[in-house]
Amino acid sequence: PDTEASILAELLVCMCGGILVACVTGMISAHSVERQSPRGKFNVRMNDVKEYVIHRRLEASVGKRLQTGYAAKYQGKIFDEEGILNDLNPSLRQEIQLHGCEDILRSIPFLSRFVSSGNDKLFLRVVATALVRKCFLPGEQIFTQEQACRQRAFPAHA
Numbered sequence: 001p002d003t004e005a006s007i008l009a010e011l012l013v014c015m016c017g018g019i020l021v022a023c024v025t026g027m028i029s030a031h032s033v034e035r036q037s038p039r040g041k042f043n044v045r046m047n048d049v050k051e052y053v054i055h056r057r058l059e060a061s062v063g064k065r066l067q068t069g070y071a072a073k074y075q076g077k078i079f080d081e082e083g084i085l086n087d088l089n090p091s092l093r094q095e096i097q098l099h100g101c102e103d104i105l106r107s108i109p110f111l112s113r114f115v116s117s118g119n120d121k122l123f124l125r126v127v128a129t130a131l132v133r134k135c136f137l138p139g140e141q142i143f144t145q146e147q148a149c150r151q152r153a154f155p156a157h158a
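Letter by letter, the sequence shown follows residues 1 to 158 in the numbering used here.
Because the hints were derived from the structure by calculation, they are not lab data.
Don't take every hint at face value.
Calculated lysine to any residue pairs in the SDA-like style (CA-CA distance at most 25 Å, straight line) [stated by the list, open to error]: (1) Lys121 x Ile104; (2) Lys134 x Gly100; (3) Lys73 x Arg57; (4) Lys121 x Leu137; (5) Lys64 x Leu11; (6) Lys64 x Gly83; (7) Lys41 x Ile28; (8) Lys121 x Pro90.
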């Protein structure tokens, strides 16, 4: 650089380059953090589901049901619930599992004789620990009359 103008121009170009690198780095970092959040994982999963529907050439109605099923199951966020619960002590894990289904369990008639025996919290905690959450869409067939019964279903929503 011979003149003040060329020095100033070179300095300006270097500053613009530094600002551009900082902006790109910030955007990449923000995108990475977003993908790792529960909401970001959900968005990634939904995009994967859309790509899967296209790849398998599923009918539009089936693809829509698949996307609706994922949205109902994860409710906008994906957590490693099993990993979180496994890190807890058994008492706290049972309490958290019971929290999600206590009203349902208390409303089941054949469980009422156990619930009214005085050890209802303990009994309900043990039952809640054994439950596995499954999501079904309205109108979806859960089982048929001819199927052998290896599990019981407790609908959480009407």
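Results of checking the hints against the structure:
{"no.": "1", "hint": "Lys121 x Ile104", "verdict": "holds, 14 Å"}
{"no.": "2", "hint": "Lys134 x Gly100", "verdict": "holds, 13 Å"}
{"no.": "3", "hint": "Lys73 x Arg57", "verdict": "holds, 23 Å"}
{"no.": "4", "hint": "Lys121 x Leu137", "verdict": "violated, 31 Å"}
{"no.": "5", "hint": "Lys64 x Leu11", "verdict": "violated, 55 Å"}
{"no.": "6", "hint": "Lys64 x Gly83", "verdict": "violated, 29 Å"}
{"no.": "7", "hint": "Lys41 x Ile28", "verdict": "holds, 16 Å"}
{"no.": "8", "hint": "Lys121 x Pro90", "verdict": "holds, 14 Å"}
Consistency with the previously given hints fails for numbers 4, 5, 6, ordered from lowest to highest.
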